[in-house]
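Engineer: Taken in order, these protein sequences are the chains called A and B.
Okay, so the first sequence: first residue is 134 according to our numbering, each after it adds one.
Okay, so the second sequence: first residue is 134 according to our numbering, each after it adds one.
Don't read these hints as lab results, they were simulated from the structure.
Just to be clear, a hint being listed does not mean it is correct.
Copies of the same chain look alike in the list, so a pair counts if it works inside one copy or between any two.
[Claimed, not checked] Computed cross-link-like contacts, DSBU-like style, restricted to lysine-lysine with a CA-CA straight-line distance of at most 30 Å:
hint, residue 1, residue 2
1, 460, 435
2, 180, 255
3, 401, 319
4, 464, 270
5, 286, 155
6, 155, 295
7, 270, 344
8, 319, 270
9, 180, 286
10, 435, 295
11, 320, 270
12, 295, 406
Number of protein chains: 2
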Amino acid sequence: MSNQRTEISTLGELGLIEHLTKNIELQNASSVLGVGDDAAVIDHFGKQTVVTTDMLIEGVHFDLAYTPLRHLGYKSVIVNLSDIYAMNATPTQIVLSLGISNRFSIETLDEFYEGIYTACRKYGVDLVGGDTTSSQKGFIISVTALGEVAPDKFVKRSTARKGDLLCVSGDLGGAYVGLLFLEREKKIFMESPGVQPDLEGESYVIGRMLKPEARRDIVEFFAKEEITPTSMMDISDGLSSEILHICRQSNLGCVLYEEKIPIHKDMKKAAFKFEIDPTACALSGGEDYELLFTVQPNDYDKLVLNEQISVVGYMTEAAAGAHIITKGGSKHAITAQGWDHLNTTR
Amino acid sequence: MSNQRTEISTLGELGLIEHLTKNIELQNASSVLGVGDDAAVIDHFGKQTVVTTDMLIEGVHFDLAYTPLRHLGYKSVIVNLSDIYAMNATPTQIVLSLGISNRFSIETLDEFYEGIYTACRKYGVDLVGGDTTSSQKGFIISVTALGEVAPDKFVKRSTARKGDLLCVSGDLGGAYVGLLFLEREKKIFMESPGVQPDLEGESYVIGRMLKPEARRDIVEFFAKEEITPTSMMDISDGLSSEILHICRQSNLGCVLYEEKIPIHKDMKKAAFKFEIDPTACALSGGEDYELLFTVQPNDYDKLVLNEQISVVGYMTEAAAGAHIITKGGSKHAITAQGWDHLNTTR
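Chain A on its own, in the form it takes in the complex (with noise of 0.2 Å):
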């Protein structure tokens, strides 16, 4: 945070959002109207819009004691773009509400606002709109994303077919890790605050965490390729949970082989360090941001071009069950709390 203090009060509510959005040029020609109006105008242009919301609450989804201002806006632009991916979309517009206490000066409100924009500059998206107010306890951001698609090309959950292949993009289960290391370093903080922490060789695994990115090159990917999931969400808790949800919506089963989840080196030393098994943190960590699809059998061979997509199962009738082949051979059902291998190896 900045050193220097200004009192939110001194800009008075409009001032402060003629301040907070002075520098906004807007980067996309669907952005018909921005910040200013009682609402913001949008014409995609035949095309049509898709639409996610998020909120996240201080206490609840971050910490200020370890979250910098810049890495939560940032942050907070990203879960939701990666909701409009997720749909085989394009992002290209936010709206953003805040909820802030007097704690909050005018410096700390421009660390947030940097990494909103730095996001927003990254992903080519708008920021067009939204409201700021004041809360009696505690920073709140909700976020709406919109995006675009072509008519009908959106992606559902609900789609996937027996036989397609289940891929994941990236690798799994660093955030989890990454958000342990962060409890403990402000846990030894708060007992002895002299100490200095120890975050040294995990710096992977705190990026992952603090400052998560969404998957638009798999989605442009797919456009290049040609590929057309049958299914497809964001991996935004456990692993388990997400397939599950595919299964459950698609009305079909699913087999996954542990072997085949896609783990980080640094994740999985830095998951040693804390006595768990990696597999688990994939399957039961959340916030990766990662896309969880389904693909036809006979796109296989493209999708080995992309080292960032990784096969790990396939989808099998509903009756079947949704299951997880160890890498010694043994099977398992999953379920939505992980596979138990968080109690297994403790």
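Add chain B to chain A, keeping to what the hints say.
Structural biologist: Then chain B, alone, in the frame of chain A:
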């Protein structure tokens, strides 16, 4: 509130969302995909999309001591629809994010949603998505509304012209006086819990506060009479500050006539019980959700057909400033806090 109490935890997050959204029937052809995926999909078929968002926080925007949850749900929708109508557009969808503390039961949430759905049905709007999360303290509501408008037919705040007539819908100040009654009764109740509330005869102003409506009828009247306002916004703060928005954003001044400001007879009586000037309530009170707009002078003959519209003044050049002419004939600058009647008559 209902007497039965079912803990939210008995359903789980997914179960809760299914419970709350199970009866949704989409009303608009534009709602291509609703609740239940990463995002909703909307096709406005060549029209432009209008988007607005508002956040309501317990203890800041509402007090559950005297706000029935059904009315709160209703009002949460209305305040957003009002912004869509203020663009001369038609609302079509909402997304809803909630932060809920564990003191809420399923039954109380059901009441809140009953209000949400009642407003949606009445205004022909679809609830197509959202996010439901826990809050550490207080009830937090964030609604984003989408609407549609024929290309470039939306009406901004910045496009009034010199000589245009300044108009408002309905009557003003009622919600503010309603709030005064509710706050008074709450205070009495806190001090002497046995005393029955004395709200006899105040149903009009209390209704204005607790269950406002959005002025769909005015926007439909414009369409029917082929009137396009030159500028428009909704009156969520007092009339004074909203007029100053139009003046500032259109780079104009104005003359407002006190005697033309529409005041309801029940509001007038109620204001006198608090020994405050009804005009001051209209100028400085908020939450009436009426429309403030300007029209070309030659639309006057059409406007007078509608008893729900009052011409209250006209636009001047910016250098002339923004003034109110009192009933006594004196001239005062309009200020965002209103024109100090609240102080002079107390």
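Engineer: Taking each numbered hint in turn, which are not upheld by the structure, reported in ascending numerical order?
Structural biologist: Per hint list: 4, 12 violated.
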